[in-house]
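Protein sequences, first through last, are from chains A and B. The first sequence: position 719 = 718 (numbering that gives the first Met the number 0), numbered continuously. The second sequence: position 86 = 85 (numbering that gives the first Met the number 0), numbered continuously.
Hints were generated in silico from the structure; no laboratory data involved.
Derived Cβ-Cβ restraints for the label pairs, each shown as a range: (1) B:28 <-> A:513: 49 to 57 Å; (2) A:529 <-> B:28: 27 to 35 Å; (3) B:122 <-> A:666: 52 to 60 Å; (4) A:619 <-> B:122: 31 to 39 Å; (5) B:77 <-> A:650: 27 to 35 Å; (6) B:77 <-> A:553: 46 to 54 Å; (7) A:731 <-> B:28: 45 to 53 Å.
Residues of chain B clear of chain A, computed beta-carbon distances all greater than 10 Å: (8) 81; (9) 85; (10) 97.
Among the chain B residues that face chain A by a calculated CB cut under 8 Å, a handful are: (11) 15; (12) 17; (13) 18; (14) 20; (15) 21; (16) 22; (17) 24; (18) 25; (19) 62; (20) 91; (21) 92; (22) 109; (23) 110; (24) 112; (25) 113; (26) 114.
By construction, the Cβ of each residue, glycine as well, lies at the ideal position given by its N, Cα and C atoms.
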Amino acid sequence: MPEEIRVAEPLDRLAALLLQAPTPICVTRGSTHLVEIMNAAFEAMVGIGGACGRPLGEVAPAFDGAQLRLMAQSLGRDERVEAVEVPMPPAKDDWAGGNGAAMGVVRQPGERSLHGERFFHLVYEPLHDRSGSIDGLMISAVDVTAHVASRRDFEQAQQRARFLGDASAALAESLDYARTLRRVAELAVPSFADWCTVSETDEHGGLRRLAVVHRDPGRAPLVAEYERRFPPAEHRAGDMAHALGSSHAVLRARVTDAELVEAAQSPDHLRVMRGLGCASCIIAPMIARGATVGVVSFMRSEADHPYGSSDVAVAEELAHRAALAIDNARLYRAARRREETMRFFAEASAVLSSSLDYEAAFDKVAQLVVPSFADWCAVAVKEDAGIRTVAVAHVNPAKVELARELGRRYQRNLDALQGSAQVIRTGRSELYGDISDPLLVRAARDEEHLRTLRALGLRSSLIVPLVGRGPPIGALTLVWAESNHRYSEEDVALMEDLGRRAGFALENARLYGETQSAVRLRDEFISIASHELKTPLTSMQLQISGIRRAAASPARLDVEKLTRRVDAIDKQVGRLTELVDGLLDVSRAVAGRLRLNLEEVDLAEVVRMVAERFAGEIGAARSDFALEVRGPIVGRWDRLRLDDVVTNLLGNAIKYGAGRPIRLAAHLDGDVAAVEVRDHGIGIPEGEQQRIFQRFTRAVSSEHYGGFGLGLWIVQVLVEAMGGSIGVESVVGQGALFTVKLPCHAGGPYARPDHEPAGL
Amino acid sequence: MSPPGCERVVLVVDDDPGIREALADLLGEEGYQVVTAMNGVEALDKLREPSQARPCVILLDLMMPFMNGHQFFAEQQQDRTLASIPIVVISADSKLRQKAAQFGGEFLAKPVRIEGVLEVVERHCGRAA
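Given only the sequences and the hints, what does the whole structure look like? Please build it.
Structure, rendered in structure tokens:
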């Protein structure tokens, strides 16, 4: 082209200058803006060539619309019109229409942030013909791309600074970091991300999501599904793991659909991720004091605004500030928790040690645990019949009654996740740090059960054993529900400590209760014993009075009467001796020093003798008496003890069954002798049937029936000493059948090591 | 002094035959007619027997089978014809003092001397001939 310029001609020279000028210049003619001259710089600007003779608006889309109106304005009003920062399409590197590079079209810093878009300041200057009328426009341009880019960068930096500032302010204003981090996620959306997730690490190195925020409210159901079904702990691979493992953010400027497909765990996961949109993302670890406390993910749904390296810096900065907030909140929470814990243990210890009524104490402990350590708290205690819930507390006082009612169902539901029965059995605590929906699904027996489990809103649960000196005696179940907290290993140690304190308290209360009842039994026994001993003493006292009175007036002395009185006294002395022997038997049996004189004895003969001895009493009791004894029944027993056994049983039958038929039977069944005593008296309630063989117990009140309350216990001790056993069958109101079974040739001196040597 | 219509009859209610016999014997020697019963039921039966002379005092044990002293007292108080007969409780009960208050306050603690028994019987029935 230069050879075409005729240097000598000033106009041509001017034209050549125009064409070669680094400034884009274009001259148009007429109201349709037909291109007359377009220099190389202009061609490079609009990205076209060979436009001469064609309307500018047609060949260069940038000059359509708004620019067309400005050109018309300039022509119409004959005035210079300027257009600021007019965007032009990105420069083509393979631009062949002109020497773009030579024309100074170079990439500038900041242009990258404009994604190649360039900006020009345009000046429309009307051109006049010789007559002075307007015949065209000269369009000149100045490249202001760098200016726009740096301003945009500045604006972006400002926006980020504002965002970081807002975020910092939000993080600083509250120690409830879960809520604060949600607020930060909300600040990031939409200015920095289309959606954002924040998760914190838990004690086990897992992740717990704190927030998911999406700019589009219409996608709330997808967000909810994402939150519920795809917890972060479940996909700890890929970028997330990478971000957690390093101290830097992971940038995925462009995430293709193919990559999404590959990363998806399931078709549902893919559907949700596609729905939420993930074209570009940054995953930034939250690091405080050298430890990773969580991770923030920023996602852009559309591909047209991918994240760049400057965004990574912002993401990292934000993550760092969030991490400090979490760390501070955790430190504060730990400090407050220590304080709470100390106060709690002081109160719990006071409550547990102040009361020996352990059910009342547990009620108070359950109330202390809530709300600092649980939303729900239940105390279960192992008893003979199984496990019984003795106390339930709920965070909402109005719900306590409901909680009690639900307690059993609750317990069973928790039992589905192993539960207190197992804890009591093994003595090992069970921690369900995060009761996730998949865990509930696994635990549920059926749909109905799953619904119940979900409705209960269980978030986290901890069951610790109540342990005293021996094996576990109960379990403390703690549940976080409404308040959305979680239990950690730290809580396990704390609550196990409480479990030990409560265990000891329970044991002390039980021992106290046992001591109390032993003291009560002893007092009752002493009272009965004194009554029993005073009865023959009264007889004797009266007879002695009689003798003394007779001695005072010898005229009334009657030898026959005197003899009768002495005989009566003698009889009462015998009775007293028997009672004292009975007491000695008791103390010997208790000490395990009962001695047997084993010899060949005919049980049939013993039974007949006892029946004979009772003939008078049976007659007085007006009972029909049946004696059924077959054969001699010979074995090696202690004759006197055998007599004691039969005497005691028959005596009881007469005492409790007077006026009704009584049957005494003895027979041999193989090598085992059996004695049966049947009465039709008041009978023994089922619950009392084992108790009647214990010391100092009677199935009826001592007001009704005299006696030490030791008879059946002594009978049992004697029978067992001779290798036998005693049992009772009874229906209340229909009498009782006592059966003694004695092996004919067992025996040996009484020296059962397993017999309890308890003091009276 | 003997109340009008009183035959100097004493009712002894005790489940222990030794005590019944001794009291019957000793009171009999003093000229009282003694009726005995081994429990509350028998005592009420005897009191309601038409041929039975009304006793001027009842010596009542508390711990007896079938119907104890308390139950007997309650029954007696329900029966207009028997309610006015005074009761003297003779018992080995350690809380006798409190319990006896329910029966009008008279009590003798076992083991009892015949002098004590005679004193209260004489007070209620008059000295026997």
